[in-house]
Amino acid sequence: MLIEKKIPFRYVFRKIKNDVFRVLLFSIAFHLLKLFFSEHLPLIPFQLPTILGISISLLLAFKLNQSYDRWWEARKVWGAIVNDSRSLVLQLKSFMNEDLLGVEGALAIKRLAYRQIAWCYCLGQSLRGLEPIAEKQNELLREEDLSFIRTQSNKPFALLMLHVGDLKELHRKGAVNDFQQVQLDSTVVRLCDSMGKAERINNTVFPVTYGLFLHFFIYLFLVILSLGLVETIGLYEIPVLTLIASTFFLIEKTAKHMQDPFRNKPTDTSVTAIARTIEINIKQVLQDKNVPKPVPAEEFYIM
Amino acid sequence: MLIEKKIPFRYVFRKIKNDVFRVLLFSIAFHLLKLFFSEHLPLIPFQLPTILGISISLLLAFKLNQSYDRWWEARKVWGAIVNDSRSLVLQLKSFMNEDLLGVEGALAIKRLAYRQIAWCYCLGQSLRGLEPIAEKQNELLREEDLSFIRTQSNKPFALLMLHVGDLKELHRKGAVNDFQQVQLDSTVVRLCDSMGKAERINNTVFPVTYGLFLHFFIYLFLVILSLGLVETIGLYEIPVLTLIASTFFLIEKTAKHMQDPFRNKPTDTSVTAIARTIEINIKQVLQDKNVPKPVPAEEFYIM
Amino acid sequence: MLIEKKIPFRYVFRKIKNDVFRVLLFSIAFHLLKLFFSEHLPLIPFQLPTILGISISLLLAFKLNQSYDRWWEARKVWGAIVNDSRSLVLQLKSFMNEDLLGVEGALAIKRLAYRQIAWCYCLGQSLRGLEPIAEKQNELLREEDLSFIRTQSNKPFALLMLHVGDLKELHRKGAVNDFQQVQLDSTVVRLCDSMGKAERINNTVFPVTYGLFLHFFIYLFLVILSLGLVETIGLYEIPVLTLIASTFFLIEKTAKHMQDPFRNKPTDTSVTAIARTIEINIKQVLQDKNVPKPVPAEEFYIM
Amino acid sequence: MLIEKKIPFRYVFRKIKNDVFRVLLFSIAFHLLKLFFSEHLPLIPFQLPTILGISISLLLAFKLNQSYDRWWEARKVWGAIVNDSRSLVLQLKSFMNEDLLGVEGALAIKRLAYRQIAWCYCLGQSLRGLEPIAEKQNELLREEDLSFIRTQSNKPFALLMLHVGDLKELHRKGAVNDFQQVQLDSTVVRLCDSMGKAERINNTVFPVTYGLFLHFFIYLFLVILSLGLVETIGLYEIPVLTLIASTFFLIEKTAKHMQDPFRNKPTDTSVTAIARTIEINIKQVLQDKNVPKPVPAEEFYIM
Amino acid sequence: MLIEKKIPFRYVFRKIKNDVFRVLLFSIAFHLLKLFFSEHLPLIPFQLPTILGISISLLLAFKLNQSYDRWWEARKVWGAIVNDSRSLVLQLKSFMNEDLLGVEGALAIKRLAYRQIAWCYCLGQSLRGLEPIAEKQNELLREEDLSFIRTQSNKPFALLMLHVGDLKELHRKGAVNDFQQVQLDSTVVRLCDSMGKAERINNTVFPVTYGLFLHFFIYLFLVILSLGLVETIGLYEIPVLTLIASTFFLIEKTAKHMQDPFRNKPTDTSVTAIARTIEINIKQVLQDKNVPKPVPAEEFYIM
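Residue numbers (the working numbering), protein chains in the order written: chain A, 1 to 303; chain B, 304 to 606; chain C, 607 to 909; chain D, 910 to 1212; chain E, 1213 to 1515.
Honestly, I wouldn't trust all of these hints.
Over 12 Å on every C-beta distance to chain E, these chain D residues come out as not near it, computed from the model [stated by the list, open to error]:
| hint | residue |
| --- | --- |
| 1 | Arg-923 |
| 2 | Arg-931 |
| 3 | Phe-971 |
| 4 | Glu-1007 |
| 5 | Asp-1054 |
| 6 | Arg-1081 |
| 7 | Val-1204 |
| 8 | Glu-1208 |
Straight-line Cα separation of at most 16 Å, EDC-like style, residue types lysine to aspartate or glutamate; simulated pairs [to be verified]:
| hint | chain 1 | residue 1 | chain 2 | residue 2 |
| --- | --- | --- | --- | --- |
| 9 | B | Lys-396 | A | Asp-166 |
| 10 | B | Lys-559 | C | Asp-705 |
| 11 | D | Lys-1002 | C | Glu-775 |
| 12 | C | Lys-699 | B | Asp-469 |
| 13 | C | Lys-612 | C | Glu-905 |
| 14 | C | Lys-682 | B | Asp-372 |
| 15 | E | Lys-1288 | D | Asp-1102 |
| 16 | B | Lys-379 | A | Glu-73 |
| 17 | A | Lys-256 | B | Glu-307 |
| 18 | C | Lys-761 | C | Glu-741 |
| 19 | E | Lys-1305 | D | Asp-1075 |
| 20 | B | Lys-471 | C | Glu-610 |
| 21 | A | Lys-76 | E | Asp-1378 |
| 22 | D | Lys-1064 | D | Glu-1040 |
| 23 | C | Lys-779 | D | Glu-1007 |
| 24 | D | Lys-1162 | D | Asp-928 |
| 25 | A | Lys-93 | E | Asp-1378 |
| 26 | B | Lys-396 | A | Glu-169 |
| 27 | E | Lys-1288 | D | Glu-982 |
| 28 | A | Lys-173 | B | Glu-401 |
| 29 | B | Lys-476 | C | Glu-704 |
Everything labelled a hint here was simulated from the structure, so no lab data went into it. Here a beta-carbon is modelled for each residue, glycine too, at the ideal position from N, C-alpha and C.
When you get a sec, could you build the whole thing from the sequences and use the hints?
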């Protein structure tokens, strides 16, 4: 997630340098063309680029809106993960019959709580296409859990399977009653849903042709605008066109980055920082001594 | 679902060739008309196509948005199917009283889990209007289940009926308690809802007149634009008009394809690939040896 | 619901003939005025109709979007009715303790299932303002149920009251346990909610002044456009203005029809066909011999 | 709620007469200015009002959309109140163990059902800022309930407190079992939620500065348009500007009225009529003799 | 929350004075430039600022809409907090087995109810970045609760932990049965969700680049508009440009303020006033003598 610090110019510029360079090239090209063959070029009436420009702005604004909705949906999914992770641990503490289980009960809560933390880190990593069993997991999971998830292709789902096994065991031993088992099961189902939603956003390509035609449409607009401008403002055309093109491309890129919030880029949903928040909250519930600090921000973003 | 590979030009072109050809024809026609009867043609003020062009862009942008919402809703429904399929199997594993049933319980879980996989494939096929009992189902379903669903008109619904019968039997035998039965029933109800939602999207025609009038409106705009352009840019009119028309028609087609995400076309929701993912996940829960590979992508799309 | 067959021209034309005729009249009137008093008419700058035209397109596009949302919401409500009707019967089959009730239980399921089918038809009829106790109900309901609902003003709600009475009786006899009663009650509550939502859409007039001012705004635009066009394109004005007006009015009418999806018109939500689908599905669950055919489409629509 | 009868012109006109009068004044003022100091006035290029006009239309269309959403949300809340009121009474009838309570049970149902009707009227009145304990309540509530709510500041909430007390008593006496108590409690929680939502819509001022700046923006547009028009269309400017201004102000006012649906105005959500519908429905469930008629419409609206 | 009183001019002006001053500066600069080097400046065709102006209006309108949605979502979250706080106390009163606990039960309800009030104030303060344990908390919480939350980093979450502990104790003593415990747990989970949602809105920066590019785009538009205007309207350009710029910047700022509804500013969601409403409602349920007055409005806003 980008934060409200000074975003370096080179970061912004790198995003659009290819497109802007192409626009620079053809606006120079048209300018030269104009100098030598001015009588053969059409006299584009200025309303034509007006229509195209407004059409594109409209489509771009709607696309930006849809991308924003995707980005916000991804953020909501991770918000739900925060809530359900905290609720799961609170419910465990609240429901567990300690009279019956004593130390074993406390250990079971700790095991489930730590695995829940590990699940958050693991899901974040796996959405970003990074190694899902990172060093954090080695610290939080038992050896037998680690060796189980190594055999499974969908690691975060494997962790939920282990949760479900533990809850079944707790129910069998009478540590949670029938109602409480069903209530805990509902929380696990919600976590499973959130995982599925994040996977859906990550795996569903934003309609490809839509973006493609829009990109082509922007170029068509710029070419026709360029033809229209040469006549009227001469050499000024080159900077004016480049600036306008930059803005359109920047907005297009902003939409593109918001569409895919799990790409291991600065514009990502900050899943690592969120997992850390969950770790802090859960460890405070456990009254654990070893509470970590929040993830610090990078130069201008937070992961 | 189209994937972010190079989409072949012929695929894009085939979508709009009829409309573009028609535009080409009448722009040539107007050009000829102009050459011979220029004094009888009206001098369309250029603001007229501006108004029409912007109106159409607006309506098109809104339609694209509504189509996108439909497409995204279809994808969400299939996301919910993934989540609920996985949850169903996890819940079965978690709830089943194995002390009571032993091997029979394990078999019951496997039967339900396999039928759940079969249901996903069957629903996908039936939404696309393909043969719902494909070879996959023969492999996953018992002979008696197959012969039952052959007698029923709504195959996926028939599979859910069989689920419900099995769950009733498990409850009667005491393998799941009263709470758990109700919780499992809720999951089946959610699957039944998702099926109903997918059928709704599939069976509800996007308001016909809306699309029709918009199509007519685009032609009206192009004719008036053509009349306005002949005067000013001469022969250049033909390529300019064709390019603009292409973009409008491409965007209209994109909307049209997104409206109907279960038409056995490359732009479909990738229900086969999703069903395969569910198969992989469920088989890993069952610790089945025979886990298949994900569905590979076609040339530029995935089904 | 209109279907994707050829929609007859007379159907489309009938919708807007009054408005188009009015536009034809005043565009001719202005033309004549122009011939005789051209020097007294204002020289409307063409940007004025541009502003108005774009404003109207915007408001129209938003209105179309809101109408579409209402239409889609109505369709979703009926989708939920399909799902909950099917779920209700599946749940009854799944929960009913047959050991206890035997034949009586099977009869109870059949009675509730048939009444559920009757409820769907009855709700559809009553939303459309038609006779809610049609011949279908006579076939599906018992005589005592029929005589009860005749005494009640809200017929579909009366059928739900009878459902509730039956479920209470089944619970009292021990045919469903405490959990199952509550779960069945939830399904009935959802049906009651869907009924209320459909009534809400049907009874809530779309903000009247909004539509009124927009209609007036379209006329203002057409008058000013007409004044602007006379000068420039002469006699061509009449067909051009009529075509543009037609498109605006067609889109306005499309919005109007989508707003009210239960008016016994071809653009309605196809509640009869949906009720038939429910009948087919439920009768297959009951393994009834007498499964009807789907409702056939009319000329270009389905009710 | 305005109904689709003829809305009197004086009602529409009264809404905007101040703004229109102001526009009339300054368009006359500019006209006079023009006659005497034409050489000192700027020659506003007509594209300037075009930009402003389209910007305002956009902002106005979005605002109208947000207001519509608020209005529709208010209507949905009252739709949920209808559904949950009916469900509450149906559930009471369905759950109550009559064997145990006999006449006392029937009385308890009637008391709760009547109080539910009273709650609907009371909530409606209190949202509109009218006396919440009207004559209707005197008829429906027991003396002790009336004297209790008189001591409380939030009357509708006080009625829910009484509901909760009664349900507790019924549970204590064994008239409803543990499950049923929880299910009834859920219905009361939903009613409490709907009340809170209606209060939220009523108490949250639509962002003030947003509306303020838009109103100022419309004036800026009209002034600049007026300056632009004087030159071109002379005396015709006055009626043209007044008409255009009227339409903009009418649409702005429509948005304003939809924002606040509980202001005791003709554009209100028709809470009295809805409460009456609930009364009719509930009394029919109770098989009460004394069923009232629906609320008749006023001249052109229904409260 | 701003209220519908007269908003002081200085408040509005302070928001945009820097941007307006910059616009004033460069419009004077261009004017001077024009006087001395008019022949070297490009003759910007007026359609260019038209395209840019409409594009920006579009993007601004969409951004305003997204900000409005965020603002309304924040208000909804606090509406849910009102509802769930009231429901929690109603449920406690309704469920608590007083026969068993007597005075102790009443004390437990009071302790939980007071802590719920404290939680609302504490959450509001902590969202605004103020001291979360204010004097109000000292009055409402027991000394042991205060010392516990002092050791925790997330104070409102710590209060919920204490709630959960109390509810567990009540269940262990038999004051609430198994069903009721689960129902109360659901209410606490909903409160935990609302807290998480408010934190999400507060911690998620609105996409930074989006706002940045839009701000830059507005300047680009104003520069090009300025270049276009100098020629045509001379010295009038300076006030016209400043007024137009002010409106654009005001609307941009309105969007910016609505994005972040917990910043301890007059445009905030009025969390203190809402917490006070909850206090009043809960204290009336407890029939507490000491009911406070609603929070009075400040000059033109309410916190």
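Each hint tested on the structure:
no.	hint	verdict
1	Arg-923	20 Å, holds
2	Arg-931	18 Å, holds
3	Phe-971	5 Å, violated
4	Glu-1007	22 Å, holds
5	Asp-1054	15 Å, holds
6	Arg-1081	8 Å, violated
7	Val-1204	28 Å, holds
8	Glu-1208	29 Å, holds
9	Lys-396/B x Asp-166/A	12 Å, holds
10	Lys-559/B x Asp-705/C	54 Å, violated
11	Lys-1002/D x Glu-775/C	11 Å, holds
12	Lys-699/C x Asp-469/B	11 Å, holds
13	Lys-612/C x Glu-905/C	9 Å, holds
14	Lys-682/C x Asp-372/B	14 Å, holds
15	Lys-1288/E x Asp-1102/D	11 Å, holds
16	Lys-379/B x Glu-73/A	12 Å, holds
17	Lys-256/A x Glu-307/B	13 Å, holds
18	Lys-761/C x Glu-741/C	14 Å, holds
19	Lys-1305/E x Asp-1075/D	12 Å, holds
20	Lys-471/B x Glu-610/C	43 Å, violated
21	Lys-76/A x Asp-1378/E	30 Å, violated
22	Lys-1064/D x Glu-1040/D	10 Å, holds
23	Lys-779/C x Glu-1007/D	14 Å, holds
24	Lys-1162/D x Asp-928/D	11 Å, holds
25	Lys-93/A x Asp-1378/E	12 Å, holds
26	Lys-396/B x Glu-169/A	11 Å, holds
27	Lys-1288/E x Glu-982/D	12 Å, holds
28	Lys-173/A x Glu-401/B	14 Å, holds
29	Lys-476/B x Glu-704/C	14 Å, holds
Hints 3, 6, 10, 20 and 21, counting from the list given before, are not met by this structure.
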